[in-house]
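There are 2 protein chains.
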Amino acid sequence: MTNASQTKVSQRALQAAGQPISRLMGMALSNPNIISLAAGFVDNESLPTEITKEAANEVLANDNHSKVALQYGSNHGDHELRERILLHAMEMNQAATSEITSYNTKLDQVFITPGSNQLLFLLADTILDPGDIVLCASPSYFVFIGAVKNIGGQTYGVATDEQGIVPEALEAALQQLDNNGRLSKVKAIYTVPYFDNPGGTTLPAYRGKQILDIARRWSREQKIYVISDEAYRMLRYQGDDTPSIHHWDPSLEHTIVAGTFSKSFSPGIRVGWGFIPTELVGPLGDQKSNVDFGAPLLAQRIMATVLRNQQWLEHVEKLRSVYNERRNAMLQTLTANLSDVENCHWHETNGGLCVWLTLPQHIDTGMDGQFLKNAVDAGVIYVPGAYCFASEGELANHSTIRLTFGVQSAERIEQGVRILSEQIKAWQ
Amino acid sequence: MTNASQTKVSQRALQAAGQPISRLMGMALSNPNIISLAAGFVDNESLPTEITKEAANEVLANDNHSKVALQYGSNHGDHELRERILLHAMEMNQAATSEITSYNTKLDQVFITPGSNQLLFLLADTILDPGDIVLCASPSYFVFIGAVKNIGGQTYGVATDEQGIVPEALEAALQQLDNNGRLSKVKAIYTVPYFDNPGGTTLPAYRGKQILDIARRWSREQKIYVISDEAYRMLRYQGDDTPSIHHWDPSLEHTIVAGTFSKSFSPGIRVGWGFIPTELVGPLGDQKSNVDFGAPLLAQRIMATVLRNQQWLEHVEKLRSVYNERRNAMLQTLTANLSDVENCHWHETNGGLCVWLTLPQHIDTGMDGQFLKNAVDAGVIYVPGAYCFASEGELANHSTIRLTFGVQSAERIEQGVRILSEQIKAWQ
Chain A
1 MTNASQTKVS QRALQAAGQP ISRLMGMALS NPNIISLAAG FVDNESLPTE ITKEAANEVL
61 ANDNHSKVAL QYGSNHGDHE LRERILLHAM EMNQAATSEI TSYNTKLDQV FITPGSNQLL
121 FLLADTILDP GDIVLCASPS YFVFIGAVKN IGGQTYGVAT DEQGIVPEAL EAALQQLDNN
181 GRLSKVKAIY TVPYFDNPGG TTLPAYRGKQ ILDIARRWSR EQKIYVISDE AYRMLRYQGD
241 DTPSIHHWDP SLEHTIVAGT FSKSFSPGIR VGWGFIPTEL VGPLGDQKSN VDFGAPLLAQ
301 RIMATVLRNQ QWLEHVEKLR SVYNERRNAM LQTLTANLSD VENCHWHETN GGLCVWLTLP
361 QHIDTGMDGQ FLKNAVDAGV IYVPGAYCFA SEGELANHST IRLTFGVQSA ERIEQGVRIL
421 SEQIKAWQ
Chain B
1001 MTNASQTKVS QRALQAAGQP ISRLMGMALS NPNIISLAAG FVDNESLPTE ITKEAANEVL
1061 ANDNHSKVAL QYGSNHGDHE LRERILLHAM EMNQAATSEI TSYNTKLDQV FITPGSNQLL
1121 FLLADTILDP GDIVLCASPS YFVFIGAVKN IGGQTYGVAT DEQGIVPEAL EAALQQLDNN
1181 GRLSKVKAIY TVPYFDNPGG TTLPAYRGKQ ILDIARRWSR EQKIYVISDE AYRMLRYQGD
1241 DTPSIHHWDP SLEHTIVAGT FSKSFSPGIR VGWGFIPTEL VGPLGDQKSN VDFGAPLLAQ
1301 RIMATVLRNQ QWLEHVEKLR SVYNERRNAM LQTLTANLSD VENCHWHETN GGLCVWLTLP
1361 QHIDTGMDGQ FLKNAVDAGV IYVPGAYCFA SEGELANHST IRLTFGVQSA ERIEQGVRIL
1421 SEQIKAWQ
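Chains as they are written, first to last, in the working numbering: chain A, 1 to 428; chain B, 1001 to 1428.
Hints in this document: simulated from the structure, not taken from any laboratory.
Watch out, some of these pointers could steer you wrong.
[Stated by the list, open to error] Residues from chain B shown here face chain A by an in silico Cβ test under 10 Å; the list is partial:
hint, residue
1, A1016
2, K1223
3, D1241
4, V1322
5, E1325
6, A1410
For every residue, glycine included, the Cβ atom is placed at its ideal position computed from N, Cα and C.
Model the full assembly from the supplied sequences, consistent with the hints where possible.
In structure tokens form, the structure reads like this:
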């Protein structure tokens, strides 16, 4: 047996936020029939079994190809996969705008990571020191907020409207930070421009350009990057695609793009990517070689094969129809039940997997509150909105909820939203 | 275009060592026929194409099973895989010793990581603050030395002999650190007990137990962990397996075990693992959820299927015969060419993939030296031993070389070692 020996974990470990989702799942266990509108999982039914089997067999059929996939790969990721992803993104941007741009993005600016989350983590670790600041939408993706906190950084929330980050509010926040002598701490602006998680908003193209201009203009003491997290871009159910911020920064001087096949193909294959500025290629690569020496290659070769066989976009079409039905079910049930409730509102998202619900101020939706407990007892669970706010800047709104429509059937979504609506209306 | 805006990367990024292997590969490009005895890759010919194809088809054949593999998984890793890995390790330990031990290690102490490298990184990030110290063999695995440096920690080298870390030297190093008031900074002792990379030495069972006892005894101010990196354990070509340190710490109070299928099956599938003390499960899990939210699940399900079908150990037998031939080729050619050279010696490793070569002191084998340049011009490349030494403690020996026999055929190994031997004998 050991002597005294108290365990001391690192400062970093103390700063690592536990995932709220695990606590919620624990709560949900009390009611086995609970309808979860909390999890960020994807629809199980439409996962691409056949396409993946075909691609895996293709990768492993030929002995030479198979041995490439089973050997160590490069820290950057598979060459063919990186090429196909970059090309696809440039084509999307070109198609979404009438302006013709010549992209100078080079292949060594493309990294493959197991999910876009790892790209966000590596990036935070590469550009942030403790005390550094990332400006972000209020509300924002809680996993990224957690990654910044893990490093000892600060997230600074900026006001949003139905079109995402308000450029004037961003400008004002930078002015405020400058006035306080903290401009040199600002390293990045984080945005989820397509169907924001959790906000559900989509940044119009002109706002993306404005945010980029603001980042450039305020890069007085050091470069301020724009991190464009495009995880949901392919999951659009309404309207036309808009060009990425990448389009106005074609060689990626200020812009970092993160993307993933987790939502638009399969999270179990777990292939994401990042496009990054040239000066970060070396440092981020070094961080990556510490974390895992390159993403698992077999999964990358399977994904490259799916793209080569043009089966990805076909699959995305199927997903769009599945999720569109669920989104409609959620929005219609909200309208039918809550449109008369004063100070209750939500954004009619045109893509992604989230709806952000704001309730009257007397309802605290938090983890330890009675409202959540009642909702769980009644048979529905959600993510308390409080998790989605930055550590400073815009104040957290504790009367908010993140709903997701990725996992449940349309019928269960209707049922869940009805139960939740009854709780809201019953709450005094 | 941007304004002034100098890029500033984080302190961490500045501390991230570039991988020496990439620089070496750059040098090797000058000679396309070069024989690389540098890379830590595995044999290409024996990669398990058929077994993997069968397992992938089994995972993807049944729609229910396939959907589990394509969906998000748990942060810890696949349940069945964790069970099989833990059971296998306990059986190995029990078989390797006459003592019967009752293992209390619980399944939630088992984490799956993409390669054991990630486990080492997560661990370093979880237990080390800047300035903290890890004691390790001199020489030690350079990737782990780099991970500690990345975090701002110090590695402290301890003298080794033909059986790995010398317990008396470890004791003396701790005494020295205590005398200097730095004992509270010592968080771990790192060892690669089976066929050390780069040393090639194997820690006898009694030494493993001694090291564990030393760690327990010196855990006065805080716990000192023993990190047992067992990446090469299955690749034994001679003698009997020895029990892991885990055997004397059956509930893992001080011991962390890292393992991987990268060397003993396939690095492209990239499944590794860690067994960790209970008090680290929460903190390390939180770090992991920041880094990737769980290793890619499809690869884990494939690996679980390979184990269930009992095809792993069968494959390991094949690998043993392949690598044994190469090891013999390397050792015999060294003996034939260098046994007469004064102050030139190496360890006759009985497993793994490395031979550690010490040359006469007037030869500097370093990256920027003439000796390496001559060797490359003559057609052979190696890893300069200087990369394998800790940041303090035992002094680095710049007249050392890490040779690997994993990639080249026996014939090419003989040829490469002959060329290198000529360089050594010609060097004045």
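Evaluation of the provided hints:
1. A1016: Constraint on A1016(B) satisfied, holds at 4 Å.
2. K1223: holds (4 Å)
3. D1241: violated (26 Å)
4. V1322: At about 14 Å, which exceeds the 10 Å cut-off, the nearest Cβ of chain A leaves the hint on V1322(B) violated.
5. E1325: violated (19 Å)
6. A1410: violated (19 Å)
In summary, the structure is inconsistent with hints 3, 4, 5, 6 from the numbered list given earlier, while agreeing with the others.
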